[in-house]
Structures are given as C-alpha cells and as structure tokens.
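Undergrad: Those protein sequence lines, which keep their order, are chains A and B.
Residue numbers for the first sequence follow our numbering, so the first one is 713 and each next one is one higher.
Residue numbers for the second sequence follow our numbering, so the first one is 373 and each next one is one higher.
Be aware that a few hints might be false.
To be verified - In the SDA-like style, the derived pairs of lysine to any residue whose C-alpha atoms are separated by at most 20 Å in a straight line are:
{"hint": "1", "chain 1": "B", "residue 1": "Lys-432", "chain 2": "A", "residue 2": "Trp-963"}
{"hint": "2", "chain 1": "B", "residue 1": "Lys-430", "chain 2": "B", "residue 2": "His-628"}
{"hint": "3", "chain 1": "A", "residue 1": "Lys-862", "chain 2": "A", "residue 2": "Gly-832"}
{"hint": "4", "chain 1": "B", "residue 1": "Lys-432", "chain 2": "A", "residue 2": "Ser-750"}
{"hint": "5", "chain 1": "B", "residue 1": "Lys-432", "chain 2": "A", "residue 2": "Phe-759"}
{"hint": "6", "chain 1": "B", "residue 1": "Lys-705", "chain 2": "A", "residue 2": "Ser-863"}
{"hint": "7", "chain 1": "B", "residue 1": "Lys-552", "chain 2": "B", "residue 2": "Glu-686"}
{"hint": "8", "chain 1": "A", "residue 1": "Lys-862", "chain 2": "B", "residue 2": "Asp-565"}
{"hint": "9", "chain 1": "B", "residue 1": "Lys-564", "chain 2": "A", "residue 2": "Ser-808"}
{"hint": "10", "chain 1": "B", "residue 1": "Lys-552", "chain 2": "B", "residue 2": "Glu-425"}
{"hint": "11", "chain 1": "A", "residue 1": "Lys-807", "chain 2": "A", "residue 2": "Asp-891"}
{"hint": "12", "chain 1": "B", "residue 1": "Lys-463", "chain 2": "B", "residue 2": "Ser-480"}
{"hint": "13", "chain 1": "A", "residue 1": "Lys-888", "chain 2": "A", "residue 2": "Glu-910"}
{"hint": "14", "chain 1": "B", "residue 1": "Lys-504", "chain 2": "A", "residue 2": "Ser-854"}
{"hint": "15", "chain 1": "B", "residue 1": "Lys-705", "chain 2": "A", "residue 2": "Tyr-766"}
{"hint": "16", "chain 1": "B", "residue 1": "Lys-705", "chain 2": "A", "residue 2": "Thr-758"}
{"hint": "17", "chain 1": "B", "residue 1": "Lys-430", "chain 2": "A", "residue 2": "Thr-758"}
{"hint": "18", "chain 1": "A", "residue 1": "Lys-862", "chain 2": "B", "residue 2": "Lys-705"}
{"hint": "19", "chain 1": "A", "residue 1": "Lys-776", "chain 2": "B", "residue 2": "Asp-514"}
{"hint": "20", "chain 1": "B", "residue 1": "Lys-564", "chain 2": "B", "residue 2": "Thr-704"}
{"hint": "21", "chain 1": "B", "residue 1": "Lys-430", "chain 2": "A", "residue 2": "Ile-751"}
As the list claims (entries may be wrong) - From the derived model, a few chain B residues whose C-beta atoms are all more than 10 Å from chain A:
{"hint": "22", "residue": "Lys-432"}
{"hint": "23", "residue": "Glu-508"}
{"hint": "24", "residue": "Asp-603"}
FYI, nobody ran anything at the bench for these hints, they're computed from the structure.
Note that beta-carbon positions come from the ideal geometry of N, C-alpha and C, so glycine has one too.
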Amino acid sequence: MDKKQIKPALVTIGPVTVIMVLLIALPLIYVAVMSFCSIDEYYNVTFDFTLENYMRLFNADYLKIYAQSLGIAFITTVLCILIGYPFSYIIARTKSRRKKVLYMLVIIPFWTNSLIRIYGWRTFLGNSGWLNGILTALGIVSEPVDFLYKSGTTIVGMVYCLIPFMILPLYTAIEKLDDSLLEASQDLGAKPVNTFFEVILPLTMSGIFSGSLMVFIPCLGYFFVSDILGGGNTDMIGNLIERQFQSGNNWPLGAALSIILIIVTLLLVKVYQKMGGDMDALGV
Amino acid sequence: MTLAGCGSKTGSTETGSSINVFIWTEYVSDAAIEAFEEESGIKVNVSTYSSNEDLMAKLKSETEGTYDVILPSDYAVEYLISQDKLMELDKDKLTNLSNISSAYLDPSYDPGNVYSVPYEGGVACIAVNTSKVDMEITSYDDLFNPSLEGQIVVLDDYRAVIGMTERSMGLSMNESDADKLAEVEEKLLTLKDNIKLYDSDSPKSALISGDCSVGMIWSAEVALSMEENPDIEIVYPKEGAYVFMDNWAIPTGSTHYDEAMEFINFMLSAEAAQMNVSDFPYLCPNEAGLELMGEEYVANTAKNVPSEVIENGEFISNLDTDTMAIYDEMWTKLKE
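If we strip away everything but chain A, and leave its shape as in the complex, we get (with noise of 0.2 Å):
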C-alpha cells in the first residue's frame, strides 16, 4: 500500500476493524477454545483439550430437543409468511398516506423491548386475562380455557415477536414489483390466481428467502419465550445453552452447543446464497 494511502485507511476502517475484532472475533474465538475446554471437580474451565463436549451433543434427549426447535422454528417460519404476506402485500400496495401509517404499525412495537411484550402475553392470555375476561363475558366459555404454558403458546409468542424480520423484507421486494408486469399479465388473459403464482410470487421469493432466514435462525436461539409462555415445558436450543452457563455450570459444553447453533445458522446462510438469496437483503 501506498504510504500515502495508510493514514486515510487507518482512519476510515481502523475504528471498524477494531470493533469487529474486539466485539465479534475474539468472543468467537474464546467461545470456540472454550468448547474444547474440560472442567475440574471445582467447575473451573480447564485447557485441557477433549472431544468430549462434542460427544455429549449427540445424546438422544439433546437430538430430540434439536429437532423440537427446529420444528417450532420451521412452524413459526411458515406462519409468519401466510400472515406477513398479504400484509406486507397491502401495505406495498397502498398508494395514500396510510401507506406509512401500516408501516410505522409494524415497527413501533419493535421500538419496545420483546421480553416485556411477551410478559404482555402472560397477562392477556392468563386463567384471569383480558382474553379469557372476554370470552366468558360473551357466554362463549362457561370455565377459563388454559391457554398458557403450551407449546403452541410459545409458536404465538415466537410469531409474533418475529413477523416484522417477514414483513420488512417482503415490503421491499413487493414494492420493487413493476406494475407494467402485473398489466401485461391481466392483459394477456391470466386470472389473478395465476398472475399471483406465475408472477408475484416468483419475484417476490427473494422476499420471502431473507424473510424466512431471519425468522427461523432468531427462533431457535429465543429460550426467553419458551420459558415464560411455554412455561419451560418445552426446551429449545436456546434453553440447553443458557442452562450450561448457568445452573448446570458446565461452560464448555454450553460454548460446544452454541458453536453448533453458530454452525446451523451459518449451513442455512449458504443455503440462502446458493439458492441466489441477496447477502443485502438480510441487513447484514
């Protein structure tokens, strides 16, 4: 490099490359030592290299708890299409004002902490809960229904802390959608079904890929949501990790689960490159 050019360089990504390396690099790196790691009789991380907290990951109770996760993750992904599409799809299509109105509906929320939001839940879907109050004003249950504590109440509170990762980027890709298309389309005898899935739905499916990516990659890491509303009955990924770090007090085996977790969402980002999914788009 030219002598002239170090300076410029040092000021403009120096600040950046240290950021990087200190806040993502070395915790990485510490965390993937670390999962090499033993432990003594005290609990004190030892670098003493074993395979062995590999090992243990392939336990059947930690295989069960992976495919549980990533069920839920998969169920919550296809839910937060089937809602966020026509939503995102209105909301691209409306021309007035109310277009950013719709919007800002959708991030405003976001703006909010999600662990409180999902203590929100708790109480609204609680024995005594606003939801529970309503159906039993208007007859429609005699007895509180148990909505809490069930692995479907975790699937709502996943849905909904996750949908605006759906629809902010199938906004975008349904805006980009050049009307000219849709009026050939029409014009040329198709129904709207099929303009639908011969037209929309192809051009819009790098929408839906990053939508879907930044959806279930989150999920499986959210134990906070399993834990309150699905009462911990119902562990995830996330759970397994967290309880390593915590009460079970083994740190290499939590960092050989989380290198796991690290290297699932990696595999499903180069799934989403080789299917042609746009590295942007994912705002990362």
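On the provided structure of chain A, position chain B as indicated by the hints.
TA: Frame of chain A; chain B shown alone:
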C-alpha cells in the same frame, strides 16, 4: 491552593471510605443500607446478582478486591471455602452475632461459622389453593398424585425439583449413587404431566391468577400469595423440606476488611433485621429482630417458619461433576 482547608476544621477521623457490597436482588432493604451509611459514615456501593452461579462466576472473573461483602447461599459458601475465596471473620468484632438463634449457627456448610454468618433463608414448601384442590396435600409425595395433572407450578431449579423427588423417596437431596438416581429419574418423570409451569422469578403470580392451583415454591412467595388470595394455604412437607440460608461473607482480597466487618455486624443488629424482614419476609434467624416484628408476624407460619421445619430440613451441597451430569440429564429429560 485553598483545597487543603477542606474538611479539616473539625479534625474528625472520618475517612470517607466506601465498600462494595455484592448481594441478591430484592433481598436487602435499602433502608437498612442507608441507616448503616448514616451511622458509620461509610459509603456503600451496591451491585446485585440473581443466582449463586452468577456470584461465583463474577468472583472468578473479576480481580480480587472488587467486592468487600457478598451474600452467598449455603452450598455456594461451601464451594467458595473450598476455593479459598473467603476470609475468616473476626468474631470479636461481630458483637451482634448473639442475636442469631443457635438453631442457625454452626451449619454443615461452614462448621463453626468461620467464614460466614446467616442473614435470611427459606424453605421450598407447598402452596395449595384449597378452593380448587380437593385432595389433602401434606407431603412432597402427594405432588406426584395423577389427579394434579397440569396444575402445579414448580421452581425452575433442578436441585429443588429433583431434591423434592429424592426426599419423597426417603433419600437425601444430595444422593450420588447411580442406581438410586435411576429410580429417582423414573419417579421424577411421572411428575412431568403434573407440572404446568417452571418459574423461579415470581411463581406466586401463577397461583394468584389461578393459572396453577398447587405450587412447590419458596416460603416467602407463599406468604405473599396468601395476602392476595386467602384460599391459598401453606404446607410444610412431612418428609422434611429443602432449606436454604444466605450468609454474609467477605471475599479474599477485600481491601476494606474492617469496614466490611462493621457492615456485617450492623446487618446482624435487631433494627437492621427488622427493616430487612419487613421488606423481604424470608425466614429470619435473627431472634432479637423478630421480637421487634410483633406477635402477628411471629404467629404467621408462612413468614416466621417454625424451627422444626429447619431442623427436619436439608441443605443442598455441591455435587461432584459426574453426579452433576446425571442430574443435568434427568432435568433435560423432564423439561424436553
């Protein structure tokens, strides 16, 4: 410079020193800490943790001398002693130690109270909403009754739930025999259908709202839920309960040993105990403090836990790593 004149007019010995106190959240009264600051002129910097594992991790990762006073539970005291992380307490300076009932002194986790003195504690007992539950519940074993399907809130704490199962089978909460633990696992998994919610933060909420009708939770949580819902009753399990006690201690490397001792001695005073128990009605080993609380408090068996409950109860102790792996596996099976 005129600064030299500052504070020299009285010639007092006040040094304006401060101590760093690391304690449980929602557990020590602010009023008591302020009263100490006023009386001693020592400034108290409070930071908090919400689990013993948090505390132990911080003591491992921070440099020695970061904290002057800590408040670990029984098994954490045992662990910290094994790691040489606690300083011996000079009993001559703890003039208020006589306020503590002898039932709570000389505990198994710190024989002779060399490193720690008791603060407050509690019992994992049973709460029953009598308007919703027909059967009579007197023991941990009753919680396994199939008629309680989907009704119980338990602490999200593997030692409490597995320990309760062990007690119900007449075993110790610290059982380490693999064959016996296999039997414990079998019984533990029959509890799965009865548990509706795991919650350590505020298990009383689910009882008060009616989402759960039975709880295996801390005594102070039951006491507070009884104030909200008169149908709730407290049951001390007849097998002997899971008991915990939190203790004042000074971590190795503290640079303010004398001030820390002054703080601990103040917390052992009857007045401080009264302030603490008024705000946080856990089991209080401070007899002189209880006298100040009045008859109504002393008669409330949820707040003032009867001493035979403590005598029949059991503290948890640290498990070796192999046993811990078995407990962890059981817990994973229960929660998957």
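Undergrad: Could you tell me which of the hints above the structure violates, numbers in ascending order?
TA: Hints 9, 10, 16, 19, 22 contradicted; others consistent.
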